[in-house]
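Chains as they are written, first to last, in the numbering used here: chain A, 1 to 375; chain B, 1001 to 1368.
Treat the hints with caution; some may be incorrect.
Lysine-lysine pairs mimicking BS3-like chemistry, simulated, CA-CA at most 25 Å apart [as the list claims (entries may be wrong)]: (1) Lys-1013/B with Lys-47/A; (2) Lys-1013/B with Lys-356/A; (3) Lys-257/A with Lys-180/A; (4) Lys-369/A with Lys-146/A.
For the record, the hints were derived by calculation from the structure and aren't laboratory data.
The model shown is predicted, which means the values in this text are computed figures rather than measured ones.
Each chain, letter by letter, is given below.
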Amino acid sequence: MLTAIREKVLAGKRISDEDAMYLFASDDIFTLGALASHVAYRKNGRKAFFIRNRHVNPTNICVNRCKFCAFSRSQGQEGAFELTIDDIIGKLGKGQATKAKGMGKSRSPRSVHVSPHGFSEVHIVGGLHPDWPFEHYRNMLSAIRKRFPKLHIKAFTAVEIDYFSRISGRSLEDVLRALKQSGLGSMPGGGAEIFREEIRNRLCPEKIPGERWLEVMETAHRVGIRTNATMLYGHVEDLADRVDHLSRLRRLQDRTKGFQAFIPLAYHPKNTEIEGSYTSGIDDLKTMAVSRIFLDNFDHVKAYWIMLGEKISQLALLFGADDIDGTIIEEKITHSAGGLSGEKLTAGQLVNLIQKAGKVAVERDSFYKTVRVYP
Amino acid sequence: MITQEDNSRISRKEALSLFKNADLLGLGMWADMARKGLHPEEICTFVVDRNINYTNVCINKCTFCAFWRDADDADAYLLDRETIFGKIEEAIAMGGTQILLQGGLHPNLDISFYVDLLRSVKERFDINVHGFSPPEICYIADASDLTIRETLSILKSAGLDSIPGGGAEILSDRVREVLSPKKIKSSRWLEVMEAAHRLGMRTTATMMFGSIETPEDIITHLDAIRQLQDRTGGFTAFIPWTFQPGNTELEETGRVERTKGRTARTSKLRVQSPATAVEYLRVLAISRIYLDNVDNIQASWVTQGLKTAQVALRFGANDFGSTMIEENVVAAAGVSYAVSTNDIIGAIRTAGFVPAQRDTHYNLLRFF
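Only chain A is shown next, with the shape it has when bound in the complex (with noise of 0.2 Å):
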């Protein structure tokens, strides 16, 4: 069987769920490493991006209580926060005031600010907040755009996207298209979960289902914005779970084509309702390289050094990922259930897990243009 799907993989030709079921079932680490780095090296050669991103969270205050979820809150609830737009606003300025060290051409060394985490790229991702209107979101992206008009925007996964339909009584095409209105430049692919009913009723029984995050999808697809798709995996699911999820997302892109990056999400057990433990490393790798062998129709495979942490994200460059994440600077979600990183790595660090993991270091944008090699 494994000779077979090798033969296929190498062959360039789509591997069958079945053949998915079976690599996942396989303890040939070894053998799933090499096939996936085929596809990887076939697709991207040599290359590993990361990105210098900020994300920021604008709440955490959440009208769903998704399960595996240590980061929601409720209005009033102890640790609920809501960042106003100029909260925002300061935040990003701190690492825009000035240009990152070594990017370029800064001609005032003894600047004040003097930061390593200039950033091309914010991801904004949060709760679904019971009160906030969606002109507030609207009026978010503006004010960002304006004060930083390089900047791209990443933000909203398919289950704020759809809050903002219900919120506003508009059609999923008509917030999409307001929103790349006011700014928005591209999306993240949170939400995802995993697809099926089953799992999902018990994992986040007031999320949308897995059909309304594809149909979101591939409307945001339609109005030409790009996004990434997500799978959270090792807590309650199966492998046909597994496989049923990776199956969903490669018929949707076979479509639309709008998918840039394929993003495994390892379970984090702290803080939440339904416990359990963290996934083990060998998973993380296998689930890595299963994703970048199945999912042929996918440019970038992407390896979250925060939920993996930068230790197993570097090892998954040898399991299929050509994509480490990038600067992050700020993040809460991962960590509200037991991050095992830390919450930021300069370029520098990122440089070198690519590096020393035999692969070229190529800072991209949010498109995965080149804007630096490494050599």
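With chain A's structure known, arrange chain B on it following the hints.
Okay, now just chain B, sitting in the frame of chain A:
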């Protein structure tokens, strides 16, 4: 691709070439096969023990170490008996079978201190004392004007059961001259281990890499261990671990209070970043492949974290080392993974192995 021409062991030259050129997955596959050959039952062992660092006063002041203090420093300490007994009681209550007794090279202690300590521990507790790495043994010998053999023999009869493999760092005097100029030379380290083995004491061997060594130095180290093991068979396990740059003189920006006695030489010692996971697994795999006469290879979850340690079980390791109820030395360098015995058992299981508690000599005590 990697092929092994025949069943003979690989040479230094072959090992060096593999270590430098082979891809990590190929090396891992080979190391995994070697591990399966020695441990086909898919068990991963661990020992429940407690690290007791009886003093942090040390005259060696190695540049990579964040633990040492001068005797007159405010936070210098020497544990009293009652404290040590209390720690042992706690370890036994937690299922411990071993204490790892190690400390700095304290200028005011001679062999009678160690003999009394060992006797008093053994009178009170049924526990394996795994203690005193070669630099300590040499220091005790010198302080009391004894040979290494005499020293070991005295300590053994006072109750010392086995010797930890620390202080090996890199067994290349070129590297030691920079890292730990006052620490014993490679030949002395090996001499202590050989003498211990000849007296019937088992020991482990370690290697600290990721500082300033070259691939050649790593292979030299492995070869020294393999040669000695051919003669004595006394090593139970090999433990490679990575240099942790936090709070040490080797770190890029040494803290002022830690730079006492710093010489011009230290400017050459700057280590930009710790060894990455890819480098760790590469060393682990070549160790498993090269050390065909050492039964056990330990994964270092203390320096790598549990997830990478799990992956290490497929890159040559078959043991998770100790539960480290207390680990002062690595914690002092800023690495601290809060891990319980249950976390270790769970990690071994989810990695696809059967967790088993072992004793110091790798006898299986209990399956989970």
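Hints, verified against the model:
1. Lys-1013/B with Lys-47/A: 31 Å, violated
2. Lys-1013/B with Lys-356/A: 23 Å, holds
3. Lys-257/A with Lys-180/A: 19 Å, holds
4. Lys-369/A with Lys-146/A: 24 Å, holds
Hint 1 from the list above is the single one not met by this structure.
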